[in-house]
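Visitor: What follows is the residue order along each chain.
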Amino acid sequence: MVAQVEPCQLVLLVAWFPPAGDEADALMTYATMGNLAAPGTRGAAADPTARLRTLYAARALAPLSIRVDGQSMAATSLEVKLVHDPPSSTRVAAVVLVTFDLPPGGRGVEIANADSHRTRFSWVDRSRGRFVVPGMHAGKWSSGVASILLQSRSGDSWPSCHAASTAASR
Amino acid sequence: MIRRGALPALAGPVALSVLAVAACSTDVAPRARADRISTREQLIGGPKALGEIGDFLLENDRIHVIIEDKGPGRGTTLFGGSLLDADLVRPNADGVRGNDQLSELLPTFLFEVIEPTQVTVVSDGSDGGPASVAVRGVGGDLIQSLAVLNTGLVFPPALEFEQLYSLAPGKSYVEITTTITNTSDGQHPLPFVDPPALADLGLDVPGLDQLELSVPFGHLLLFGQEQTAFAPGKAGFNLRFAVEDSYAESSGFPAFPGIVADFLASRGSGVSYGVTVPPQPSNYPSAFRELYQPQAVKPTSVLLPFVYSALTGVYTAKPPSVLEPGASFSYTTFFIIGRGDVASVADVVYRLQSTPTGVLAGRLLDAQSEQGVATSLLILAATGDDIVSQVQSDDRGAFHMTLPPGDYRYRVIDDDRPPAGPVGFTVREGQTTSVQIQVAAPARLAVIARDETGQPVPARVTVVGDFDPADAGRDPRDFLYSLAAGERTRATAFDSTSTRYIERMVPAPTGRVEAEIRPGHWDVVVTRGPEYQAATRSIDVASGAFAALDVTLERAYATDGWIAGDFHLHSINSPDSELALPDRVASLAAEGLEFAAATDHNFITDYGPTIARLGLERFISAVPGLEMTTFEMGHFNGYPLRFDPGRTRGGVFDWTGRTPQELFDQLRVDLAPTEEGAEQPIVQVNHPRDGFLGYFNAYAVDPDTGDPGIPPGLRGVFTPYGDEFQPDAFSWDFDAYELANGKRLEILHTFRAPDPLPPGDYPDPQPVAGEIVVDAEGKALFPGQVEDWFVLLDRGLRPTAMGNSDSHGILFEEPGFARSMVWVGEGKDAQGAFTTHDVMAGIRAHHVIVTNGPFIELTVEDQPAGSDVSGGAPIAKVRVRAPDWAKVDRLRLYLGGQIVSDEPIPPESATDYEVVFTLTPDRDDWVVAEATGSASMFPVLSMREFESLDADVILRALGAGIDLSALNPSGGLKPAKTFVVTPYAITNPVWIDADGDGNWEPRLPPPPARSRAHRDHAAPPDVRAVFDRLKEDVQ
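Here the protein sequences line up with chains A and B, keeping their order.
Just add 151 to the spot in the first sequence (first one is 1) and you have the numbering used here.
Just add 7 to the spot in the second sequence (first one is 1) and you have the numbering used here.
No wet-lab data here; the hints were simulated from the structure.
Hints should not be assumed to be uniformly reliable.
Listed below are several chain A residues computed to face chain B (Cβ distance under 10 Å; list not exhaustive) [as the list claims (entries may be wrong)]: (1) 153; (2) 215; (3) 219; (4) 277; (5) 292.
Computed list of chain A residues with no C-beta within reach of chain B, every gap over 10 Å [unchecked claim]: (6) 222; (7) 251; (8) 275; (9) 295.
For every residue, glycine included, the Cβ atom is placed at its ideal position computed from N, Cα and C.
With the hints as constraints, model all of the structure from the sequences given.
Guide: This is the structure in structure tokens:
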């Protein structure tokens, strides 16, 4: 998982690989068992790939919670791609891109991960250095990180998105 | 005592056991089913199981097989679609406890294979008929080096390929129908071009205008190493040598060379496999019946053209000379699964070929205990050397087999009991011949090995005997053991004046071992690697008797601060090794190894749990690793790696179609351990000059400059064509360099012509006795791994020289020979005192000694190998110590690749020698010390008695019919592949900054700058862009 901090948004890129064993079997069965939707069902609900995409995305994001100053955040956009990893193999992985708007006046963004033992984590600063994660350098991978706190470098609340964008563009 | 009689005369227990063997069928109603695998419970499991969810299952009431989905090959070969796993249906099978011992089966068209585009269930069996799975695809080059032949003779672009696997209810064989279809608008000749036209493709060899070629079709069968291949006739279980010997008797093309057999089978523990064909007009051997004489050819014969490691070629069909537009050609093959012996495969062959049979049944009993003996009974023809079949008795000694009516002989083949037989018997159609056979009891040997403190320590027990002096100088295969009969190989001293041979090698991992041996007079040699002297005791044991030894080992030299490591090891997870993990780990401890990297072929193995289960944590530790094994690019180790127990191969990786750098990145980054503080894996290039398997050979690395290239002349034609094989794809981005691989002394140093030069006609430039053998451009034809490494050092690269065994077994491939002694720190050379980090840091710092026995230490200005020193006249000290069985007699000192000292070591100093040099480098340079001995290390080590398996055997098969002498510009002058193994050790360098400017200037220009900024270290790019670029490929 990579957390990218931008002036206005927090972007998470999560690559999720189904675990081995029964859980993987259940997921693959779900993916390959064909259309079990009720007669007349159309669209995504009838498309096994779409259902798998939804399921994998939910599984990928389930361990994560994003809070700004203790308040849970709702995602503003979510995209999912299913890929074979490695290419041409039978292993299907999901790559999820999810974004959160950073409300003006916040002081800290907490990213908590309930599945930290299976996750490699890194963060990217695309806010021109306005954020820091104490004890963790941007661009470095870490494992077993259950929670990180993105803070304004100044220690104060961050300015409005517009102001930050303007500052960042100079 | 041996009794024979008709069935009514059977004793009660014999009759019961025969009935038990015969009553193998179950009450389950016959059925067959084909399905896409969706749960792990549907997998087969077993030592060689590679099936995954998403593959295809064919099963009935007797057998089940797995056909690999399309995509990169998960087995040994490049592409999916192979029959990957196969086993009998067993009670309580759960996807793990099966007994698959098959590596892979796939169709082949000359050397072309199918690159699948589609794998589908054609019939799921629900109609009560056969279930079937089809693999369809286009042609793919299994070996790019042979593409000129595939293109010229098969021309796959105009063909479609299909492999249909069908399994009928109640059958213990898969019927395989292989079809090619001409998809072009024109006729498709086979061979596609006339032989002279091959010259236009680059294959410009003498005699093309006279050449008549054929295009054999068939299968490649990769038995797992647990399986021993068998062909009825003179070959028996001696398939490899029988096939290679057949080349000398070949009549030449159009009949491809090899041996003709009624069928191909194998034996193994609990499962065996076989291949046969129905009578077909297209039968390949039948098409050239006269050319294969005196070999007998039947309408159901198969041709076995080459055997390489676990890979056996089986050519069965000759396609029509012209395939009309839209026309197809099909041939049928039966793949049989038996119960572990040849007989259970042959039973099916006889039924398929409607051969009338009778039954041979009975029991094998121990003469002393009268208990049943599980062993092998070999069936021979009534006269002559032909071997007909082999049957395995069960734990109660019972056996049962069918044979065509006739007179035969049997022999009991048991490696630890005195030989018995042959005894004649007769089989009559529809009747049972019963026998009860008593076999002499083995002797037993128990050994306790102790170290200097009196504590039991891991050790190896080698049982050594003497054969009849009258046989001295003869090939031991002709009198000491019979490979054709399936007997164990006994290693000899490889010395025409010696009668010594190794009867058995047994690890004693806890310091205690008990083993069965043949009765006789033996020397029992107890060893514990090079740091201990060998201890020898003599015993005489009779049949059924027992001998016990308590042996204290004497330390040969102390290695404070150093640990003994082997960073290239194979086990049962490699297709070409049968060594179960406990046996592998036991063998490592027995050789005094303290650290190991498990490096199976394309399989991440973790010895850790096995070490714990055997209670050997006090003696040895290990890290998971992998030998990334390509077909034509070379072999590369990574260690330590992340082991994923949820993956069939311990992790997810792919070597097909990748550049070396991509392989290195997979090892170094993708498979890196993820725990905090974990080591970044070391990437090690293995045996870089090992023929077809060597990375430096694959890229024709210039021995003078270290630059990759393309070989000249015909050698360039037999070179892979893919982008990944182009010289600019070569990468120097490796951390370690396997300078010493096993006992491959012949590839250590650049080959020099023997002195005196053997008589013969040699192509120009004429070789000079004692000088390096060169090609027309003056380049060494057989570069040495030491000299290649020197060139890398001269170019400013610093790969650490390593010594590893590359062991796949025990005898002939004793682990730890060679080995790497790694400096881990003062007082830290005990389990628990050093860490994996210490070992890896030692390797990265070049604090490594390469050795197969002697312990050589180099210091310059009191700084150890791996150090940088400065100054104009530094003092170098070298000390060599060795056990009595690895004495040294010569010491060389290299400065910048030049020998600056080459002096004999006095005999009185052969186990401890020390010398001081004053170096006078005229520029920045490096210094390395090397010690050698000339005495045999037998019987502590077995000798290089047989040539190692070499993929060149395929070219040798071709060479039986085509003049490929241009592939060997030395005119047959080449390094000997069999020899006496002698002591060897070399240090890593000390780099000398002669001018003291703080900057070490390489002698040669460094290689082009390549990205060593591994992906893991690079700053992650914009994740939105990453996501946008990602192409969704799941539909």
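Visitor: Indicate, hint by hint, whether the structure satisfies it.
Guide: Results for each hint:
no. : hint : result
1   : 153  : 5 Å, holds
2   : 215  : 15 Å, violated
3   : 219  : 20 Å, violated
4   : 277  : 7 Å, holds
5   : 292  : 7 Å, holds
6   : 222  : 24 Å, holds
7   : 251  : 13 Å, holds
8   : 275  : 5 Å, violated
9   : 295  : 6 Å, violated
Violated hints, in rising order: 2, 3, 8, 9; the structure is consistent with all others.
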